[in-house]
Amino acid sequence: MYINEEKKPYPFCPGCSHVQVIEAINRALQKVEADPRRTVMVSDIGCVGLVDSFFNIHTFHGLHGRSFTYAAGIKLANPDLNVFVMVGDGGCGIGGHHLINAARRNIGIKVIAFNNFNFGMTGGQHSVTSFFGSKTRTTPGGHLERGFDLAKLVEAAGSPFVARKLAFDKDLDETIALAMRSEGFAFLDVWEVCTAYYMPMNDFKKPAMEAEIEKLGMKLGVLREECLPEYSCTLRAGRKGSEGETAVTRPIVIAKKFEHRLPQEPFRLILAGSAGMKIVSSAGYLGNAALKCGLHVSQKDDFPITVQSGHSVSEMILSSEEVEYLGVDKPDAVIILSEEGLAKVRKVLPVMEKNSLVIAREGLSLETPAKVIAIDPKRFSNKSLITAALQSLIRLVPLVPQEAFFEVIGEIRNEAIRNENLKAMEIARSWL
Amino acid sequence: MTSSGLELVTGSEVIARAAVDAGCRFFAGYPITPASGILAAMTKLLPQVQGVVIEGEDEIASIGFCLGASATGMKVMTASSGPGLSLYSENIGFAQMAELPIVIVNVQRMGPATGAATTSAEGDIQFVRWVTSGGYPVIALCPSSLAESYSLTMECFNLAEKFRTPVFLMTCKELVMNQATVSASDYKAPLTLYRTVGKEPSLPYHYKEGSEVPPFLAMGGDLHSRVNTSIHDERGFLATDTLKKERALRHLSEKIESHRSELEYLKEDLEEGAKTLIIAYGLAARTARETVRQLRRRGKKVSLLVVHSLWPVAQNGIRKAAASCENIIVPEHNLGQYFSEIRSVLPDKKVQSVTRIDGKMITPEELMRCM
Numbered sequence: 001m002y003i004n005e006e007k008k009p010y011p012f013c014p015g016c017s018h019v020q021v022i023e024a025i026n027r028a029l030q031k032v033e034a035d036p037r038r039t040v041m042v043s044d045i046g047c048v049g050l051v052d053s054f055f056n057i058h059t060f061h062g063l064h065g066r067s068f069t070y071a072a073g074i075k076l077a078n079p080d081l082n083v084f085v086m087v088g089d090g091g092c093g094i095g096g097h098h099l100i101n102a103a104r105r106n107i108g109i110k111v112i113a114f115n116n117f118n119f120g121m122t123g124g125q126h127s128v129t130s131f132f133g134s135k136t137r138t139t140p141g142g143h144l145e146r147g148f149d150l151a152k153l154v155e156a157a158g159s160p161f162v163a164r165k166l167a168f169d170k171d172l173d174e175t176i177a178l179a180m181r182s183e184g185f186a187f188l189d190v191w192e193v194c195t196a197y198y199m200p201m202n203d204f205k206k207p208a209m210e211a212e213i214e215k216l217g218m219k220l221g222v223l224r225e226e227c228l229p230e231y232s233c234t235l236r237a238g239r240k241g242s243e244g245e246t247a248v249t250r251p252i253v254i255a256k257k258f259e260h261r262l263p264q265e266p267f268r269l270i271l272a273g274s275a276g277m278k279i280v281s282s283a284g285y286l287g288n289a290a291l292k293c294g295l296h297v298s299q300k301d302d303f304p305i306t307v308q309s310g311h312s313v314s315e316m317i318l319s320s321e322e323v324e325y326l327g328v329d330k331p332d333a334v335i336i337l338s339e340e341g342l343a344k345v346r347k348v349l350p351v352m353e354k355n356s357l358v359i360a361r362e363g364l365s366l367e368t369p370a371k372v373i374a375i376d377p378k379r380f381s382n383k384s385l386i387t388a389a390l391q392s393l394i395r396l397v398p399l400v401p402q403e404a405f406f407e408v409i410g411e412i413r414n415e416a417i418r419n420e421n422l423k424a425m426e427i428a429r430s431w432l
Numbered sequence: 001m002t003s004s005g006l007e008l009v010t011g012s013e014v015i016a017r018a019a020v021d022a023g024c025r026f027f028a029g030y031p032i033t034p035a036s037g038i039l040a041a042m043t044k045l046l047p048q049v050q051g052v053v054i055e056g057e058d059e060i061a062s063i064g065f066c067l068g069a070s071a072t073g074m075k076v077m078t079a080s081s082g083p084g085l086s087l088y089s090e091n092i093g094f095a096q097m098a099e100l101p102i103v104i105v106n107v108q109r110m111g112p113a114t115g116a117a118t119t120s121a122e123g124d125i126q127f128v129r130w131v132t133s134g135g136y137p138v139i140a141l142c143p144s145s146l147a148e149s150y151s152l153t154m155e156c157f158n159l160a161e162k163f164r165t166p167v168f169l170m171t172c173k174e175l176v177m178n179q180a181t182v183s184a185s186d187y188k189a190p191l192t193l194y195r196t197v198g199k200e201p202s203l204p205y206h207y208k209e210g211s212e213v214p215p216f217l218a219m220g221g222d223l224h225s226r227v228n229t230s231i232h233d234e235r236g237f238l239a240t241d242t243l244k245k246e247r248a249l250r251h252l253s254e255k256i257e258s259h260r261s262e263l264e265y266l267k268e269d270l271e272e273g274a275k276t277l278i279i280a281y282g283l284a285a286r287t288a289r290e291t292v293r294q295l296r297r298r299g300k301k302v303s304l305l306v307v308h309s310l311w312p313v314a315q316n317g318i319r320k321a322a323a324s325c326e327n328i329i330v331p332e333h334n335l336g337q338y339f340s341e342i343r344s345v346l347p348d349k350k351v352q353s354v355t356r357i358d359g360k361m362i363t364p365e366e367l368m369r370c371m
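Residue numbers (the numbering used here), protein chains in the order written: chain A, 1 to 432; chain B, 1 to 371.
Looking at chain A on its own, in the form it has when it is part of the complex:
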């Protein structure tokens, strides 16, 4: 029913185990009564990827080793679908990262690994599961590496359902059906013979396979069966109710309320200090005050990747027209509140114009033709020094009215921060 019988025989070498496993999958789909319209088979590269066209269900044939990601995407998009993956040991190698992460996330896809210990399609090269000492096209003197125990790997990654079976097992379909009925991620490591390459080069028939299992102390059958929350359902369960299809995407507009005092040319400003001095957020306050005056603003922040240490710099441009050129090569004003901040802006200070302004913390050594105003840091807290500096700036330069900035500070939601800033503004007002 799930396989198009008329297309048979399968395009595999005589004796290849793929036939038995695919037939078992077909029987398993019948056992679980999978709805063909809601069932998706995902495959990728390798001999096992040759048989998409034999299936009467939705099929998705993708790139080597990436089938886990496509299957996960399908399941995440539509958790109601039955999604299973047919992949070779080659795909489990090149897509190993995706395999362990799909298992870790517990996305409810079912993975059947057609594990025949080598690359059949490309001529018998070793894969990540080829055994130590085994001979392949790329290990003629015997393999120097140990193969992955795929089942153990995926179990360690957190898969709630893990089984290892031989392709010859009569109850293989039962185990596949069990996996398909499970809620979450499921993984079946199915050991096979590759009659074209691996079997003849290593005399690897069924007894040899069983001996290998014995030798490596491996177990067969269902190795783990647990019930853990499935990811695509958990994701949906955690959602809050819809706030409407588009309500979340409206712009947060600030209407013009005050008149700005800026001449035609844009005003370029740099605020430079250290982490913890509220440079970036205060630049935002000035930006919002400018918006309340209908000014265009551009703000570019710079701080080290390691937060709460080092410099903190904001470059701002205020303009009556839309700001196009974003460079601040020759600032009209610079505020410098720490040595770290100074180190970042030292280069622009000598190129500033005579009528431009530097507001700096007392004691910093500056070389600039600009007019310098010093702020006594002892009068202000570390976090509100910037507010005092901005207050001074808008008093000395025609930019935005005091009321606009005062209003923005008054709108700060956090009460403690708001009060600290208002206090700093009060001190700065009497001090200037």
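Do not rely on the hints blindly, as some may be mistaken.
[What the hints assert, rightly or not] No more than 27 angstroms apart at the CA atoms, straight line, and that leaves these computed lysine-lysine pairs for DSSO-like:
(1) A:330 / B:188
(2) B:267 / A:330
(3) A:7 / B:162
(4) A:423 / A:257
(5) B:360 / A:344
(6) B:360 / A:354
(7) A:8 / B:244
(8) A:256 / B:199
(9) B:320 / B:301
(10) B:320 / B:350
(11) B:245 / A:7
(12) A:347 / B:360
(13) A:423 / A:378
(14) A:257 / B:188
(15) A:354 / A:330
(16) B:245 / A:8
(17) B:301 / A:7
(18) B:301 / B:349
Read the hints as simulated data drawn from the structure, not as lab findings.
Go by the hints and put chain B onto chain A.
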């Protein structure tokens, strides 16, 4: 979006919003500066509209998730920067071959390799054209402002759906991480398109002419479908016949090439009598606009053409805009990757390349020196 006033916003937020407004309900991405803000913004927005957002284990997984979801009929997006685009490469080829719509935002930063994560550049212009094997055409749009980031992101979804192909939004660190003001009235939303849905089961790649886009059949839908990364026939089966193979591959080119005229997105600011035309895109278009503003204030005549569709090259519009000009200036934040395209479109004109790759913007003065 008609309320008056200004908004101070980052490009990340604008792109995320535009995606949601375009109907995007699936986003997967891997953190990378300067594109992480888009992942964060989508993480905030998508659950509110019942969408899915997931951080992949790497870029390969992220685009893989997107393509799986796209195959179910969802509008999908991912965002990264140069190093991530490198990892997307094979799956971009898959999206082309399997005709799966996806929007890929490339927030360019200084390359090659890890380059400089927090330094702006626009060096992926030719990379995105030839991003995967085979050399089939891509569609890539490029905003130069936040308002354009909004409308062009939405256009990317429309084109991805219409042509069933990956579509790129080429932006840069400076336009995505900075905050800037946008007039609320400048956000322009195009009409939203959806892919045409097929009615014939088991014919997921059916087209009469190669230039047609096949109607879509969803994975898990009522009508049986197949997706195939290999060259396939109209049923999605492996094509072995040479004629069928050629037809399938020419189709990938023809479905875009035959619609080139619809894919010309340009913004003209031409001045009668001007002999100089600046042709610019992205960040450099901002310098170009500032230069034009300053020159016109001084009474000098100059024209500007801002290119929003980098690929395919908008040949007709470029020729038309340049018709009466003698001096063409192409400023770029790379070593002149689009200059070569402009020169081949305008073989009879004097075309000057202005380049800058130190992370700073080209200045208006640098452009004025070319006049």
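Each hint, compared with the structure:
Proposed proximity of residue 330 of chain A and residue 188 of chain B is contradicted: the alpha carbons are some 34 angstroms apart, above 27 angstroms. Restraint check: the Cα-Cα separation between residue 267 of chain B and residue 330 of chain A comes to about 30 angstroms, which exceeds 27 angstroms; the hinted pair is violated. At roughly 35 angstroms between alpha-carbon atoms, residue 7 of chain A and residue 162 of chain B are farther apart than 27 angstroms, so this suggested pair is violated. The suggested pairing of residue 423 of chain A with residue 257 of chain A holds, with an alpha-carbon distance near 24 angstroms, which does not exceed 27 angstroms.
The straight-line distance between the Cα atoms of residue 360 of chain B and residue 344 of chain A is roughly 15 angstroms, inside the 27 angstroms bound, and the hint therefore holds. A distance of roughly 25 angstroms separates the Cα atoms of residue 360 of chain B and residue 354 of chain A; the hinted pair therefore holds under the 27 angstroms criterion. Between residue 8 of chain A and residue 244 of chain B the alpha-carbon distance is near 23 angstroms, which keeps this suggested pair within the 27 angstroms criterion. This hinted pair does not check out: residue 256 of chain A and residue 199 of chain B have alpha carbons roughly 53 angstroms apart, beyond 27 angstroms.
Distance restraint check for residue 320 of chain B and residue 301 of chain B: the Cα-Cα separation of roughly 18 angstroms lies within the 27 angstroms cut-off, and the hinted pair is therefore satisfied. At roughly 16 angstroms between alpha-carbon atoms, residue 320 of chain B and residue 350 of chain B fall within 27 angstroms of each other, so this suggested pair holds. Straight-line distance between C-alpha atoms of residue 245 of chain B and residue 7 of chain A comes to about 22 angstroms, which keeps the hinted pair within the 27 angstroms bound. Distance check on the hinted pair: residue 347 of chain A and residue 360 of chain B sit about 15 angstroms apart at the alpha-carbon level, within 27 angstroms; holds.
Between the alpha carbons of residue 423 of chain A and residue 378 of chain A the distance comes to roughly 14 angstroms, so the proposed pair stays at or under 27 angstroms and holds. Between residue 257 of chain A and residue 188 of chain B, the direct Cα distance comes to roughly 25 angstroms. Compliance with the 27 angstroms bound is thereby established for this hinted pair. Taking the CA atoms of residue 354 of chain A and residue 330 of chain A, the gap is about 12 angstroms. The hint holds against a cut of 27 angstroms. Of the pairs offered as hints, the one joining residue 245 of chain B and residue 8 of chain A holds, with about 24 angstroms between alpha carbons and a cut-off of 27 angstroms not exceeded.
Annotation: proposed proximity of residue 301 of chain B to residue 7 of chain A is violated, straight-line Cα distance about 72 angstroms (limit 27 angstroms). Restraint check for residue 301 of chain B and residue 349 of chain B: satisfied, since their Cα atoms lie roughly 18 angstroms apart, inside the 27 angstroms limit.
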